[in-house]
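Trainee: Sequence:
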Amino acid sequence: MWNRLCCGVLFSVLLTGLLSADVIELNTGQRLEGEVLKESDDAIFVDLGVDVIKIPRERIRSRETVTSSNDETKSVAKNPNSLYLTAKLPTKNVKDLTEEFGEGVVLVQTPGGLGSGFIINSRGFCVTNYHVVERETQIAVTIFDKTKTGDIKRRRIEDIKILALNPYFDLALLQIPTQEEFDFEPVFLNDDDDFKEGDSVFAIGNPLGLERSVSEGIISTKNRNFEGIVYIQTTAQINPGNSGGPLFNRKGEVVGVTNMKLTFGEGLGFAIPISYLRHFLKNRDAFAYNKENPNTGFHYLLPPQKEASAK
1 MWNRLCCGVL
11 FSVLLTGLLS
21 ADVIELNTGQ
31 RLEGEVLKES
41 DDAIFVDLGV
51 DVIKIPRERI
61 RSRETVTSSN
71 DETKSVAKNP
81 NSLYLTAKLP
91 TKNVKDLTEE
101 FGEGVVLVQT
111 PGGLGSGFII
121 NSRGFCVTNY
131 HVVERETQIA
141 VTIFDKTKTG
151 DIKRRRIEDI
161 KILALNPYFD
171 LALLQIPTQE
181 EFDFEPVFLN
191 DDDDFKEGDS
201 VFAIGNPLGL
211 ERSVSEGIIS
221 TKNRNFEGIV
231 YIQTTAQINP
241 GNSGGPLFNR
251 KGEVVGVTNM
261 KLTFGEGLGF
271 AIPISYLRHF
281 LKNRDAFAYN
291 KENPNTGFHY
301 LLPPQKEASA
311 K
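Residue numbers (the numbering used here): 1 to 311.
Derived by calculation from the structure, the hints in this document are not laboratory data. Certain hints may be false.
[Claimed, not checked] Computed cross-link-like contacts, BS3-like style, restricted to lysine-lysine with a CA-CA straight-line distance of at most 27 Å:
1) K161 to K92
2) K282 to K161
3) K146 to K88
4) K161 to K251
5) K38 to K92
6) K222 to K38
7) K148 to K95
8) K291 to K88
9) K92 to K153
10) K148 to K196
11) K196 to K38
12) K282 to K146
13) K54 to K38
14) K282 to K222
Note that the structure is predicted; figures quoted are calculated from it, not measured.
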């Protein structure tokens, strides 16, 4: 079946009556249009309308999903390794965006405390803060799944896998085991860095364990410097338990990862810029977690000793 694709035949199937379709560009330059029925770590299965084919991920150059609903078109694009989602989304109010993307925000629990996180792809990859899972190996995630009736069902999932850690940028990448009874609902990452001071933003998280709390504010500054690292400063309320959760813009794109606030200060919350997160994800192999290595995520080399000066 795959040989037919390698012979230079271009399949292009127009899917009428469907609300969404995936456009997949292969390394050979061919483009396929169809519905993705199933995904695994090494391949995806696409319904072309006349046949279902298996495409190895290593042969995919890019992937884009076009969704049409209520005469409104949403263009969704994945980076080449399908690690996270980006999109061209319309501006909406916070209420509608919370309804649309709230399922992608999760509660992260460890024996030492709790925090927040958000799902970035259909394989269950989840981002949170390093300090939320620091020195922890027993991690659980609670997903808030919306049922067909509109009710929210809490689903606690254990045996969460740690994929990568970056203590310097306070970021961690986890993987939630695949679930047969429901699909993951990932959020979209901002890929343009087009946000600026005064833009409206909102955070979803679990401050002090108060699940699915929403706080709204603006970007006070996008380049607040603390100890050599740049943070987004926001008036959206950030409290313990928000750590690792997403900071959204008014399109529903994640522009930052909330991680701290100033003690004894109001309206002084901070988030890790999305550019740092994208760099961490694209270079995650450099920060790969190894439970056998206590220095996972970083390793400091001793500086050379200066020779004693002659007297």
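Trainee: Taking the earlier hints as the rules, which of them does this structure contradict?
Mentor: Numbers 1, 4, 5, 6, 8, 10, 11, 12, in rising order.
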